[in-house]
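Chemist: So you can see what is in the structure, the chains are spelled out below.
Protein chains: 2
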Amino acid sequence: MKLIVKPMDHLITGYVACIDPADALVLGVKENDRIRVTGPKGEMAVVVVVADRAVNPGELLVSIPLMKRVGASEGCEVCVAYSPNPDSVRSIRRKMDGQKLDSIEIVNIVNDIYQGNLSTIETSAWLTALYINGMDLDEIAVFANALVDTGDRVEFGRSPVFDFHSMGGVPGNKITPIVVSICAAAGLMVPKTSSRAISSACGTSDFVELFCPVEVTLDRLREIGETVGGAFVWGGSMNIAPVDDMVIKIEHPLGINPRAQMLASILGKKLAIGADFLLIDIPTGGGTKVPTIEAAKEYSRDFMALGEKLGIHIECAITYADQPVGHAIGPALEARECLRVLEGDDHPASVIEKACECAGMLLEMGGIPDGARRAREILRTGEARKKFLEIVVAQGGSADIKSSDMPVGKHTVDIISKRSGYVNRVVNSDLVAVAKALGAPSDKGAGIEVIKKRGHRVEVGDVLFRLYADNDAKLARAKDMAEKLMPVVIEGMILSRVTE
Amino acid sequence: MKLIVKPMDHLITGYVACIDPADALVLGVKENDRIRVTGPKGEMAVVVVVADRAVNPGELLVSIPLMKRVGASEGCEVCVAYSPNPDSVRSIRRKMDGQKLDSIEIVNIVNDIYQGNLSTIETSAWLTALYINGMDLDEIAVFANALVDTGDRVEFGRSPVFDFHSMGGVPGNKITPIVVSICAAAGLMVPKTSSRAISSACGTSDFVELFCPVEVTLDRLREIGETVGGAFVWGGSMNIAPVDDMVIKIEHPLGINPRAQMLASILGKKLAIGADFLLIDIPTGGGTKVPTIEAAKEYSRDFMALGEKLGIHIECAITYADQPVGHAIGPALEARECLRVLEGDDHPASVIEKACECAGMLLEMGGIPDGARRAREILRTGEARKKFLEIVVAQGGSADIKSSDMPVGKHTVDIISKRSGYVNRVVNSDLVAVAKALGAPSDKGAGIEVIKKRGHRVEVGDVLFRLYADNDAKLARAKDMAEKLMPVVIEGMILSRVTE
Numbered sequence: 063m064k065l066i067v068k069p070m071d072h073l074i075t076g077y078v079a080c081i082d083p084a085d086a087l088v089l090g091v092k093e094n095d096r097i098r099v100t101g102p103k104g105e106m107a108v109v110v111v112v113a114d115r116a117v118n119p120g121e122l123l124v125s126i127p128l129m130k131r132v133g134a135s136e137g138c139e140v141c142v143a144y145s146p147n148p149d150s151v152r153s154i155r156r157k158m159d160g161q162k163l164d165s166i167e168i169v170n171i172v173n174d175i176y177q178g179n180l181s182t183i184e185t186s187a188w189l190t191a192l193y194i195n196g197m198d199l200d201e202i203a204v205f206a207n208a209l210v211d212t213g214d215r216v217e218f219g220r221s222p223v224f225d226f227h228s229m230g231g232v233p234g235n236k237i238t239p240i241v242v243s244i245c246a247a248a249g250l251m252v253p254k255t256s257s258r259a260i261s262s263a264c265g266t267s268d269f270v271e272l273f274c275p276v277e278v279t280l281d282r283l284r285e286i287g288e289t290v291g292g293a294f295v296w297g298g299s300m301n302i303a304p305v306d307d308m309v310i311k312i313e314h315p316l317g318i319n320p321r322a323q324m325l326a327s328i329l330g331k332k333l334a335i336g337a338d339f340l341l342i343d344i345p346t347g348g349g350t351k352v353p354t355i356e357a358a359k360e361y362s363r364d365f366m367a368l369g370e371k372l373g374i375h376i377e378c379a380i381t382y383a384d385q386p387v388g389h390a391i392g393p394a395l396e397a398r399e400c401l402r403v404l405e406g407d408d409h410p411a412s413v414i415e416k417a418c419e420c421a422g423m424l425l426e427m428g429g430i431p432d433g434a435r436r437a438r439e440i441l442r443t444g445e446a447r448k449k450f451l452e453i454v455v456a457q458g459g460s461a462d463i464k465s466s467d468m469p470v471g472k473h474t475v476d477i478i479s480k481r482s483g484y485v486n487r488v489v490n491s492d493l494v495a496v497a498k499a500l501g502a503p504s505d506k507g508a509g510i511e512v513i514k515k516r517g518h519r520v521e522v523g524d525v526l527f528r529l530y531a532d533n534d535a536k537l538a539r540a541k542d543m544a545e546k547l548m549p550v551v552i553e554g555m556i557l558s559r560v561t562e
Numbered sequence: 063m064k065l066i067v068k069p070m071d072h073l074i075t076g077y078v079a080c081i082d083p084a085d086a087l088v089l090g091v092k093e094n095d096r097i098r099v100t101g102p103k104g105e106m107a108v109v110v111v112v113a114d115r116a117v118n119p120g121e122l123l124v125s126i127p128l129m130k131r132v133g134a135s136e137g138c139e140v141c142v143a144y145s146p147n148p149d150s151v152r153s154i155r156r157k158m159d160g161q162k163l164d165s166i167e168i169v170n171i172v173n174d175i176y177q178g179n180l181s182t183i184e185t186s187a188w189l190t191a192l193y194i195n196g197m198d199l200d201e202i203a204v205f206a207n208a209l210v211d212t213g214d215r216v217e218f219g220r221s222p223v224f225d226f227h228s229m230g231g232v233p234g235n236k237i238t239p240i241v242v243s244i245c246a247a248a249g250l251m252v253p254k255t256s257s258r259a260i261s262s263a264c265g266t267s268d269f270v271e272l273f274c275p276v277e278v279t280l281d282r283l284r285e286i287g288e289t290v291g292g293a294f295v296w297g298g299s300m301n302i303a304p305v306d307d308m309v310i311k312i313e314h315p316l317g318i319n320p321r322a323q324m325l326a327s328i329l330g331k332k333l334a335i336g337a338d339f340l341l342i343d344i345p346t347g348g349g350t351k352v353p354t355i356e357a358a359k360e361y362s363r364d365f366m367a368l369g370e371k372l373g374i375h376i377e378c379a380i381t382y383a384d385q386p387v388g389h390a391i392g393p394a395l396e397a398r399e400c401l402r403v404l405e406g407d408d409h410p411a412s413v414i415e416k417a418c419e420c421a422g423m424l425l426e427m428g429g430i431p432d433g434a435r436r437a438r439e440i441l442r443t444g445e446a447r448k449k450f451l452e453i454v455v456a457q458g459g460s461a462d463i464k465s466s467d468m469p470v471g472k473h474t475v476d477i478i479s480k481r482s483g484y485v486n487r488v489v490n491s492d493l494v495a496v497a498k499a500l501g502a503p504s505d506k507g508a509g510i511e512v513i514k515k516r517g518h519r520v521e522v523g524d525v526l527f528r529l530y531a532d533n534d535a536k537l538a539r540a541k542d543m544a545e546k547l548m549p550v551v552i553e554g555m556i557l558s559r560v561t562e
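In the order they appear, the protein sequences are chains A and B.
Each step along the first sequence adds one to the number in our numbering, with nothing skipped, and position 307 is 369.
Each step along the second sequence adds one to the number in our numbering, with nothing skipped, and position 217 is 279.
Because the hints were derived from the structure by calculation, they are not lab data.
Take these hints with a grain of salt, some might be off.
[Said to hold, decoys possible] Chain B is nowhere near these chain A residues, computed Cβ spacing over 10 Å in every case: (1) D211; (2) D408; (3) G523.
[Stated by the list, open to error] Lysine-lysine pairs mimicking PhoX-like chemistry, simulated, CA-CA at most 20 Å apart: (4) B:K359 <-> B:K311; (5) A:K472 <-> A:K515; (6) B:K130 <-> B:K103; (7) B:K546 <-> B:K514; (8) B:K92 <-> A:K311; (9) B:K311 <-> A:K92.
Where a beta carbon is used, it is the ideal one built from N, C-alpha and C, also for glycine.
Use the sequences and the hints to build the structure in full.
Modeler: Structure below.
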């Protein structure tokens, strides 16, 4: 049937069309069915909203993106017909039924998400089915390639390409710029793309942007990689595996990250930059994505098997994550701690050790023997700092950057121990919640300095951790929260007395 | 933070709020997180849209229903804060993880769907998890009660209350008015609520509304039940288990109907009218929801066990569904066939037999011996027709209604056999697709008369089935489809020759 186009509020950013119930009856469609809209310049099948009063009979209320797609302006006549669901919907149902999907099905689903052909309902069902029923390694390899194919790739004029990825989940993990700088100083090319925090208090890009801009084009990343040998840019600014960013909007409110989606997404992004050698850091411990060594070994096996299928040499580092890495949590605090290590500070040991061990593994993958020792040497001699500053300048930052410049929050308060004993536990998730209440990662100065860590002796009145904020209201709110949660847990040597 | 209310397009019928990215950063929320909006007259937590340009910093773009809920008008200042997800989201994740939910969790989910507290993303994930991981009978019993509690109930001044439900899936199943009329004529009270077609060509209410209005209030249903003893009204016009109608909008595009949702929804609706005795018709055969006798027996066992938990005496009839019941598919055609049987026509045998056997089981549940024989007698003597007309008049129809008045489509075409042999198969799903292409159920005259059914002898040139439509364009389109699909399959006695 022919309908007259009326534009929707520009708030609606997807492809949506809305018709009157009388027209829906004639077309034989119900809410959430699809209609094919054919305009002067194209056609598209979209999910339909059937709404009384929002639209008059004979009219089609159309979102601006859909108007553009079919080339129809206000008042234009378009042809509207019932449209069957895309094949992907059947494939999603097959995944719900626990079936293995073939390559065409997986590619179709990825393309349909990318092109906006699947509704929110369908994408949510897909991610839920993927979370529950999973994928085998063959499916995941196809999935990773499909994710790359929807976005841009970069081909470096140098090879091999080294890369490093942390699965995350441990607060204070500020090692990426150190690892990249050490390896690049040793002659490897490590063009690292990072992400911002999704549910954490500070992603790598959230603190690296205090050193230099992190938004660069893919072409510029290629230039920096080829000339300087290293980079630490924000992957979100480039069109790499864009479907991943689209599904995060659905995964985040559900609090799920399907294993298959995570593996395919990590490896898809590495395929996009043409990685030949990849080290994966698997933080393992209570409250992270990977709670036990057994689970971490299973991830390692999967990553390495997938690497073989995808032509990437992958090694994994299972790392300690029962408490934060270093002392600082939050953008400016982490940036300062990271810079201090590059400037030659021999503290905190956990940051230096993790960074040098990881860099060492990459150096050995690149044929440099005794990697960890060599990494410590590069750090100690200032070569790493020199390379770090070269990268900062290449990304558009200043060569004068110093740890003392980092804008840590002016408003601080200390959380004091009310008992003596030993730090028995440090609860990562509670620290992250407090850091977010302080304003991290959007308030750059907000965060926590954890002063007493596991095993430390504590006396009554000692400072356990210090809160930093950019404003007093957030500081007060977070202080209450910190005292209620008490993420640093003190016990005496006798955990409980049994007297009867 | 304080924001100024700006109203959204009235197209947005749910509870939605939209903020500028800068404000989202300050609040620490991402797209699809929740914010709590507090206005002069109330507060509500809603899923937030973060949109550039749609809204200015300092403003909150709010859907009309949300403005009403918090009592805020345009330009009004409201208080906005981050809000954690409702507990239901954690329960949905527990169901994804295959856990059994407790009563409080199930009640919370149902209430949150009812009150619009769950987003489309979350509801889709819930239904997908329910489809994959299911519920045990204890959970389903709680679920059924929770569904009733969100809606209205009716309490009849007479008891016991008898009810009848068909699981559907077989085309041409026009027996409900006959069963109700027979049982009511025998003195039982059968206040039947039916539905419209969801994916079929004709639901019970779709053809019954050619006899009389089907939209009545719950109070009027009570009066009709008490005085006339029977009714056949549209359940959708009453506020019975309304959550079920809300989730159908999500289930339908996914093409799923989770077993737990289906069982709870059927029994919830029966609890709402206070059913004491319930007969469930389980159409069993290829292409229906229940493909095998074994699956049908499993449904029977589940229904009967749930009946015990819920205080309803349930019996089940596993019925033949490999081809349509009777000959007619589509509103006016089914209405005509149904009326002809009530008027004393001894054809089609399958309609008469199924109606009388089902009515007989109900009569026996009501203490009337030799039910099927008694049912046939009530039909034969015209008592059923008399009671049928009483019900029609009580619902606001005319006492003069006759089968010859039914508005079957004026445009018809016959589909002719090109070979001789026997009807080997009749494909229900293809017949339904053709009937829908003809315009059913919204075009009342549209449908199919199946002339040759399974086992019938067919000669070249015989009419296999006849298409009816209210307009020529749909008739032509459906004819092409029918000839391509050929839902009535003819074979010789020799199905294939093996000569080598």
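Chemist: Now, for every hint given, state plainly whether the structure supports it.
Modeler: Taking the hints in turn, this is what the structure says about them:
Non-interface status of D211 of chain A relative to chain B is upheld: no Cβ of that chain comes within 10 Å, the nearest being about 25 Å off. The beta carbon of D408 of chain A sits about 35 Å from the closest Cβ of chain B, which is more than 10 Å, so the claim that it is off the interface holds. The Cβ of G523 of chain A sits about 32 Å from the closest Cβ of chain B, beyond the 10 Å cut-off, so the non-interface label holds. For a cut-off of 20 Å, the pair hint linking K359 of chain B to K311 of chain B is broken: about 29 Å separates their Cα positions.
This hinted pair does not check out: K472 of chain A and K515 of chain A have alpha carbons roughly 24 Å apart, beyond 20 Å. Between K130 of chain B and K103 of chain B the alpha-carbon distance is near 9 Å, which keeps this suggested pair within the 20 Å criterion. Restraint check for K546 of chain B and K514 of chain B: the C-alpha separation of about 18 Å stays at or below 20 Å, so the hint holds. Annotation: proposed proximity of K92 of chain B to K311 of chain A holds, straight-line Cα distance about 8 Å (limit 20 Å).
Note on K311 of chain B and K92 of chain A: the hinted pairing holds, with a Cα-Cα distance of about 8 Å set against a maximum of 20 Å.
Taken one by one, the earlier hints fail for this structure at numbers 4 and 5, listed in ascending order.
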